[in-house]
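Chemist: Going down the list, the sequences are from chains A and B. Residue 119 in numbering that gives the first Met the number 0 sits at position 120 of the first sequence; the count goes up by one each step and never skips. Residue 140 in numbering that gives the first Met the number 0 sits at position 141 of the second sequence; the count goes up by one each step and never skips.
Hints were generated in silico from the structure; no laboratory data involved. Please note that the accuracy of each hint is not assured.
Computed list of lysine-lysine pairs in DSSO-like fashion (alpha-carbon distance at most 27 Å, straight line) [to be verified]: (1) B:K104 <-> B:K173; (2) B:K275 <-> A:K154; (3) B:K12 <-> A:K152; (4) A:K8 <-> B:K196; (5) A:K254 <-> B:K275; (6) B:K173 <-> B:K106; (7) A:K188 <-> B:K106; (8) A:K254 <-> B:K12; (9) B:K104 <-> B:K196; (10) B:K12 <-> A:K154; (11) B:K173 <-> B:K250.
Part of the chain A face toward chain B, derived, beta carbon under 8 Å [claimed, not checked]: (12) H62; (13) L71; (14) T226.
Interface residues of chain B toward chain A, partial, derived using beta-carbon atoms under 10 Å [as the list claims (entries may be wrong)]: (15) I46; (16) L48; (17) G50; (18) I53; (19) V83; (20) V87; (21) L89; (22) A108; (23) I120; (24) M127; (25) L130; (26) R135; (27) A262; (28) L269; (29) L271.
Ideal Cβ placement from N, Cα and C applies to all residues, glycine included.
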Amino acid sequence: MKEASASTKLFSLICLIGGIVLLIWSLALDFMGTKAGYRGALLVVGIIGIIAGMYLLPTLKYHRTLIYVIFLFPLLFAFAVTVIIPLFLGLFYSFTNWNGIRYTEFVGFANYARMFRQPSFLWSILLTALFVVFNMILVNLVAFLLALLCTSKLKGMGFFRASYFLPNLIGGIVLGYIWQFIFSNVVTKIFSGMKYSMLASTHTAFIAIIIVYVWQYAGYIMLIYITGLNTVPGDVLEAADIDGANATQTLFQIKIPMIAPTITICTFLTLTSAFKQFDVNLSLTNGTGSVANFMGNYLTNGTQMLALNIYNTAVVENEYAFGQAKAFLFFVILACVSILQVRISNSKEVEL
Amino acid sequence: MNRKEPTSRVITKFVIATIIAVYVLFPFALVVINSCKQTADITANPIGLSGMSIGQLFQNLNDVVNNPNFLFWHAFGFSVLITVLSLVFLALFGAMTAWVICRNKTKWATVIYFTFIASMIIPFQVVMLPLISTFRDVGKFIGIPMLQSVPGIVFAYLGFGGAMTVFILTGFIKGIPYDLEEAASIDGCRPEQVFFKVIFPLLTPVITTVTILNGMWIWNDYLLPSMMLGQNGAVKTLPVAVQAFVGSYVKQWNLILTAALLAIIPMVVLFLFAQKQIMNGMIEGAVKG
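Modelling step: build the complete structure from the supplied sequences, incorporating the hints.
Modeler: Rendered as structure tokens:
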């Protein structure tokens, strides 16, 4: 390593000291409560100065550690501020009467107890569970069949593959509005027997969400199945062919067992993404739909799934602490299901 | 396999594939067709081509692009800016973090790594409400507004995208032989030079993968920008603008579909040029994630 020259040393010290001065100055401005617009710039320049000073400072012995710290800092800092701190703050707020800005009292488990007495929330849980189950089965089935189709040697398969994947590129909000148009204007025209739009009644609207979701997601899962199917060695298939196995036997006794890890990945992906579904739900039906009698109550959120329910509770109804408590339940369910699923699939893979 | 499939089966498969492709692409075709019509023609016949004209398309485009709730170029510009900045920072800082995690064999590195992995199952809904208040406070404290601002949202994407980025990059860096770095440091490279001159160039394929994964997510994300930027803020991304626009024009389908067309086009154009990379990136991300 190069010997540090005197000028570098001087420069690094200037950077370091200058950085610290700027940092303290900007913090002092903050505490004095000035409305100076240049405070933020001072802070950033100060931090950069400190980092540059530390970097150039000829402490060869600790240089490696210093570099590690500087390298880790940006991402870890962002991660802590956006994920870790809000996570623990959120857990704390869910036990208070927080309104998004401040809280005045500690309410214990009241928020948690209350959500299990709220029929519309229980309905959302039930609906989400149904949605997840339907989607997991349908998306995987459709995607697997598409993958089988796309792995057969046909001309133009590249085009088909790309076009099946295309819906996945577009955000759920835009897709939701496009399909809202299709369900309310086009479908009723094509099937002239249908008097009302599918979105008008709760049951058919739920089916509509599933249709849109399968349409959007199957292409993506199909790609993963194609990758899985391509890893099945050609000589194994050839051996089966020579032994006289027909297509069905090859499929069920060779292909499916051999792509078991892929099936695990796809099941997991569809499960978590269906559980978190928000965009299509918001733009397609916005959760509306009437339920005449659910546990003796009349509900107006017939197609509202969990993620949307949480959002509406907090943002629309302004019950932040309550929404936060619901969000934690959401998290706990998701975590349990994920862990359970990984366990089950791991044990299955060992057996094979 | 040696055996050739009978022609009839090939044709059947081809027909099935075509039918599915028509079904999948049908909504996109409808968007294009109806963007060229007036509302009256759409309600009369949403599938047919009657009433289509290029003039009407320009009329619709003009109405949508200059609509105060949509402001296409404005939203498009902010979407591009936010996505590009987030992707650059995620790739750079993610690679730096992943490299340190791989090369620093201490307890801390392991703890950080597993915290990142564990955080990947946290859904956004759990942190979104306290996130807003945290960002408001942090913004007040440092004097840079974090809500309704580009730096704030880029910072948030850095935090949320970090875990997956580091996870995928770590897997790749582990496969790079350590000898390479040793040789470089014997030749007189400082650790940071080893990273930027030896390791970083080697990461190109995996950085492509994470950039595609993060890019698809950030470009299409609705919830985070809508919470952080607000529906009517000065800064809007494309999905937020579409939502704000549709909320203000309930049944003007020609305008809504034109807005949808504008929102779809950038992604489809990109897909046409980088089809292979996008599809491979999505696959790799899923298999590793």
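Chemist: Against the structure shown, which of the earlier numbered hints fail to hold, in ascending order?
Modeler: 7, 11, 16, 17, 18, 19 and 20
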